[in-house]
Structure formats: C-alpha cells, structure tokens
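All chains, please: the whole structure from these sequences, using the hints.
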Amino acid sequence: MDLKIKTLFKSIDWLSALIYFLIILSIAFVTIWALEGYFHPGTDLDDSNSSIVSDIEYHFSVRMPEGWHLNRVDDPESFFRFSITSPDQLISLGLYAYKSGLNIDLEKFADSDRNMFVGMGELKEERRVNNHFPYSTIERIYGVNEKGFYCRARYKRASNYGYVAMSFSKTEAVTADIPILDSLDPSVPIFIKIKSKLKTVISFKNILGSIFGLILSLVIFVVVIIPVCYLVLVPFGLTGMEMRKGFKMLAALRKVRINSIKEGLILNKKYYSAKKIAILRAFGIMLGWVIIYTILIIILPRKAFYFSLIGLVGVFTGNLGIILRPNIDPGNLVENIIESIFN
Numbered sequence: 000m001d002l003k004i005k006t007l008f009k010s011i012d013w014l015s016a017l018i019y020f021l022i023i024l025s026i027a028f029v030t031i032w033a034l035e036g037y038f039h040p041g042t043d044l045d046d047s048n049s050s051i052v053s054d055i056e057y058h059f060s061v062r063m064p065e066g067w068h069l070n071r072v073d074d075p076e077s078f079f080r081f082s083i084t085s086p087d088q089l090i091s092l093g094l095y096a097y098k099s100g101l102n103i104d105l106e107k108f109a110d111s112d113r114n115m116f117v118g119m120g121e122l123k124e125e126r127r128v129n130n131h132f133p134y135s136t137i138e139r140i141y142g143v144n145e146k147g148f149y150c151r152a153r154y155k156r157a158s159n160y161g162y163v164a165m166s167f168s169k170t171e172a173v174t175a176d177i178p179i180l181d182s183l184d185p186s187v188p189i190f191i192k193i194k195s196k197l198k199t200v201i202s203f204k205n206i207l208g209s210i211f212g213l214i215l216s217l218v219i220f221v222v223v224i225i226p227v228c229y230l231v232l233v234p235f236g237l238t239g240m241e242m243r244k245g246f247k248m249l250a251a252l253r254k255v256r257i258n259s260i261k262e263g264l265i266l267n268k269k270y271y272s273a274k275k276i277a278i279l280r281a282f283g284i285m286l287g288w289v290i291i292y293t294i295l296i297i298i299l300p301r302k303a304f305y306f307s308l309i310g311l312v313g314v315f316t317g318n319l320g321i322i323l324r325p326n327i328d329p330g331n332l333v334e335n336i337i338e339s340i341f342n
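Residue 161 in numbering that gives the first Met the number 0 sits at position 162 of the sequence shown, and the numbers go up by one each step.
If you are wondering where the hints come from, they were derived from the structure by calculation, not from laboratory data. Keep in mind that the hints are not guaranteed to be accurate.
What the hints assert, rightly or not - Here are the computed distance ranges between Cβ atoms for each label pair: (1) ARG256 to LEU308: 34 to 44 angstroms; (2) LEU295 to LYS146: 44 to 54 angstroms; (3) VAL128 to PHE79: 14 to 24 angstroms; (4) LEU264 to ILE294: 23 to 33 angstroms; (5) ILE291 to GLY147: 45 to 55 angstroms; (6) GLU56 to GLU171: 27 to 37 angstroms; (7) ASN70 to LYS107: 24 to 34 angstroms; (8) LEU122 to PRO234: 44 to 54 angstroms; (9) LYS269 to TYR305: 22 to 32 angstroms; (10) LYS146 to PRO234: 56 to 66 angstroms; (11) LEU237 to ASP74: 45 to 55 angstroms; (12) ASN258 to SER307: 39 to 49 angstroms; (13) ILE294 to SER259: 35 to 45 angstroms.
Unchecked claim - Think about it this way: if two alpha-carbon atoms lie no more than 25 angstroms apart in a straight line, the pair counts; the simulated SDA-like pairs of lysine to any residue are: (14) LYS107 to ARG127; (15) LYS107 to TYR149; (16) LYS123 to ASN70; (17) LYS107 to ILE140; (18) LYS107 to ASN70; (19) LYS146 to ASN70; (20) LYS274 to LEU286; (21) LYS169 to ARG113; (22) LYS254 to SER272.
We put the CB at the ideal spot given by N, CA and C, even for glycine.
Right, here's the structure in full:
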C-alpha cells in the first residue's frame, strides 16, 4: 500500500468517523419520516385520521380522510388517476395527472381547463395557494355546472408533470375537501417507493435475479452512496471546524487579556488583529449559515429545504471535532497564534 495512503489511514479518527456516520444515518431516517406526507401546510389531516393515497406512475400523493372511499382506474396511462368520495356521497374528488416532454407552464396548464374538462361551470374566482417556489398552485372556483355541481380545482406542476385535483359538491359552502386538496403533493412518499421496489425484489418470478439485485444494491449503497454523502458533508464540517477554532481563539484571547490586566501589560495591535480574526471565524461563519438558510427557506420547496438541513449536521459535527479527516487540534493552532502576538 502506498505510504501516503497508510499515513492517511493512521491519522483518521475511526471512532469519530463511526459516530459521524451514525449521525448521518439517523438524520437520513428522520428526514425520510418527515417526507412521508406528514407536513402539508393548511391541512388538518394527520396520520391518525387519514391515510396516504399515492400514484407511483405519476409521482404524487394525497391524504384521504378515514371513512372516505377510493376508486382507482385500471389504465396506467389514463389522465384520470383515481377518485375519492365522502361517506355521505356529497363530495367527490377526482385526481388527474399529465406528463409532458417539456417543463409545464402552470398558467397555461390552468388555462387549458376547458380543453381538459367538458361541461365546466362559469369561472368565479382564481387565486394562488401554497405559493412555494417551484410548486406553486392555482386554485379555480367554478359555478354550478350542467349537472348541478359546484367545482373547486387545484392546478399544480412539478417540472414536466401537471396535476389537477377537482372537488365536486352540491353546495357551494362545502370546505371538507380543502384539507385533501392542500395535501396534494407532487412526489410519492419515499417509504412507499421503497416498499414498491422491495415487492419487485422479493418477487418469486425471478427470485435468483432479485437476490442478485438486492446484493448489488447493498454493495452500491455501501461502496458508492455512503462515501459520496460523506464527501458532500465534509466541506460543511470544515466550516464547523473553523467556527470551533474561532471560539477557542476567543477563549484564549480572553485569558490573555485578563492576565495582561493583572500584570499591568498593554495589549498590542497583534492582539486586536487576532481578536478580529477570531470573531470573524466564530460569528462570521455562523452568520453566513443563518443568511444562507434564510434564503433557502424562501426559495426552496419544502421537501428540498428539509433535505438541505442535513448539511447542518456537517457544520455541528465539524464544530465538535467529529470529522473524517486527519485530526487537527484547534488548541495547538490557538497556542501558536497567542504566542505570535507577544513575539
């Protein structure tokens, strides 16, 4: 083995690396749980009184209240995906999905309502709801149609996928459909995707191929995915390490100041220069991350923002000194800087 590689492996703190990996794994599981449809602004449906209805083909899901009836279509290519009906039959929701070869323009998609649906009532109101880039939604409320039904429709797009959720009721004042419309999510919950893949893997039709595929997937996960995730988080960890150095420097400089006052010494320019560097390292980096995540929470869709929070794990573990890299003791660096102030 090459001498440089041997040196690198000797310098790695493997216990810290294991702790770091377990933290990443824990955060990944928490993130997956968070993305499984539990966060839908404006809805009061939760796991106790509703269930997730998903469409694997078109990558979307909604929450269906307990007691409501689901009716799916048999054609996987159908524009109409499924319907949800209330127990009293007074409210019926239809879910539609469309895939285009190009990115879909939401305004044009909503304006094509008359082409997509026949016999719509008069358009009474239009507004944007859940306006969170890039998954903004257009809501249109229509008057009574030829069959005597009022309609509330939500138009949503995600890249080249377009989604329509339409609610029909006999009365205009119905609001029980709103939580379901709010829960329309243009991505299938991750657990459902995994469950679907596992069903394919465990299929008895091709058990040998499935076992090979499962082993290959595990190998790829261990050899490729974990190292890539780790390398992505290392730069975040380095900023945390720099923050740690800054706080260590500030603590050491405070002791220097106290000792200087006791001994009647005057602090020189090097001290104040080192203090500025320490403040910049400690609080400048922290402020930088606050600004970055303030921007991210505004511009990113909800789920993408949740994933971006994993980066903070790297920052915090780097600040704690848990990072897969040759160990650097910030204390030694601080001692050298303090020593240079008075030399």
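Outcome of the hint check:
1. ARG256 to LEU308: 34 to 44 angstroms: holds, 37 angstroms
2. LEU295 to LYS146: 44 to 54 angstroms: holds, 46 angstroms
3. VAL128 to PHE79: 14 to 24 angstroms: The hinted range 14 to 24 angstroms holds for VAL128 and PHE79, with Cβ atoms some 23 angstroms apart.
4. LEU264 to ILE294: 23 to 33 angstroms: Given range 23 to 33 angstroms: violated, Cβ gap about 45 angstroms.
5. ILE291 to GLY147: 45 to 55 angstroms: holds, 53 angstroms
6. GLU56 to GLU171: 27 to 37 angstroms: holds, 33 angstroms
7. ASN70 to LYS107: 24 to 34 angstroms: Cβ of ASN70 to Cβ of LYS107: about 30 angstroms, so the range 24 to 34 angstroms holds.
8. LEU122 to PRO234: 44 to 54 angstroms: At roughly 50 angstroms between Cβ atoms, PRO234 and LEU122 fall inside 44 to 54 angstroms, so the hint holds.
9. LYS269 to TYR305: 22 to 32 angstroms: violated, 45 angstroms
10. LYS146 to PRO234: 56 to 66 angstroms: Holds, at about 59 angstroms.
11. LEU237 to ASP74: 45 to 55 angstroms: holds, 52 angstroms
12. ASN258 to SER307: 39 to 49 angstroms: With a Cβ separation near 44 angstroms, ASN258 and SER307 satisfy 39 to 49 angstroms, so the hint holds.
13. ILE294 to SER259: 35 to 45 angstroms: For ILE294 and SER259 the Cβ distance comes to about 41 angstroms; the hint holds.
14. LYS107 to ARG127: Within the cut-off at roughly 14 angstroms; holds.
15. LYS107 to TYR149: Measuring from Cα to Cα gives roughly 23 angstroms; hence the hint holds.
16. LYS123 to ASN70: violated, 29 angstroms
17. LYS107 to ILE140: Given pair LYS107, ILE140 holds - Cα atoms ~17 angstroms apart, limit 25 angstroms.
18. LYS107 to ASN70: violated, 29 angstroms
19. LYS146 to ASN70: Given pair LYS146, ASN70 holds - Cα atoms ~21 angstroms apart, limit 25 angstroms.
20. LYS274 to LEU286: holds, 17 angstroms
21. LYS169 to ARG113: Cα-Cα ~21 angstroms, so holds.
22. LYS254 to SER272: Judged against 25 angstroms, a Cα distance of about 16 angstroms means the pair holds.
Violation of the numbered hints given earlier is confined to hints 4, 9, 16 and 18; the remaining hints are satisfied by the structure.
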